[in-house]
Amino acid sequence: MKHSSAIEDHKQILEHNLKEQGYFSIDWGRQGGVILGYILVFLGYYGIIANTYTFDQYGRWISFTEMNKKFLIWTYITYIQSYFLPAIFLFLVSFMLTYKEEIPQYGIKASLWLVPFIVVQGFIFYFFMYGLSFEPFIFQFASGEGYLNILILYGVVISGSISGMKIKYNRIKKRQSYYVE
3 MKHSSAIEDH KQILEHNLKE QGYFSIDWGR QGGVILGYIL VFLGYYGIIA
53 NTYTFDQYGR WISFTEMNKK FLIWTYITYI QSYFLPAIFL FLVSFMLTYK
103 EEIPQYGIKA SLWLVPFIVV QGFIFYFFMY GLSFEPFIFQ FASGEGYLNI
153 LILYGVVISG SISGMKIKYN RIKKRQSYYV E
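Going by my numbering, the residue at position 46 of the sequence shown is 48; the numbering climbs one at a time, nothing skipped.
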């Protein structure tokens, strides 16, 4: 019975706050951070690649039918042309996903799932641009470059996650030593 009365009290407090504030707010918790990270990767990762790869060396726009089809699947080939911005962006998103978690393993797990998300996203963009075919699967899974792409993506994500975990751990240790002394 205590549990249901606590829920009733919480509902009354929320209704009172809603009337006072005049708007509705949602507390997303840790799922909200993960969803935000995935949305950022969805918009940002391929957005950076598309904005740098769709222009030639003279600054003229290239039609998607004239460009290399493999850049959607092997994203690492665009890193040099885009000054490693997609890799840095992915590193920072993985860093933040892990840094914000109380238990770093949750952030690492959420970050590791970014790689299949990016691979599937590349397939979807390829299908939208060039139609349905088995070509992206051949590019990704029947060639060494496809596996190299996956290894590079996992390397960036793992390094970002471990960096986030280590920096948070060092920050907590420094804070604890400050309060102990």
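Treat the hints as calculated values from the structure; they're not laboratory data.
Given the structure is predicted, the values throughout are model-derived calculations rather than measurements.
Don't take every hint at face value.
Okay, derived cross-link-like pairs now, DSSO-like style, lysine-lysine, Cα gap no bigger than 27 Å in a straight line [stated by the list, open to error]: (1) K111 to K71; (2) K111 to K175; (3) K72 to K176; (4) K111 to K170; (5) K102 to K176; (6) K170 to K102; (7) K176 to K111; (8) K175 to K102.
If you anchor each label on the Cβ, the simulated ranges turn out as follows [to be verified]: (9) L38 to G61: 48 to 56 Å; (10) Q178 to W63: 51 to 59 Å; (11) V182 to I9: 33 to 41 Å; (12) I37 to K168: 21 to 29 Å; (13) G61 to Q178: 48 to 56 Å; (14) I15 to Y85: 45 to 53 Å; (15) S65 to K168: 43 to 51 Å; (16) N172 to W63: 42 to 50 Å; (17) Q33 to E137: 34 to 42 Å; (18) L45 to L114: 35 to 43 Å; (19) F119 to G146: 32 to 40 Å; (20) G146 to A52: 21 to 29 Å.
Cβ atoms here follow ideal geometry from the backbone N, Cα and C, with glycine treated the same way.
**Report entry** Structure versus earlier hints, numbers of those that do not hold, lowest first
**Finding:** The structure breaks hints 1, 3, 9, 18 and 19; every other hint is satisfied.
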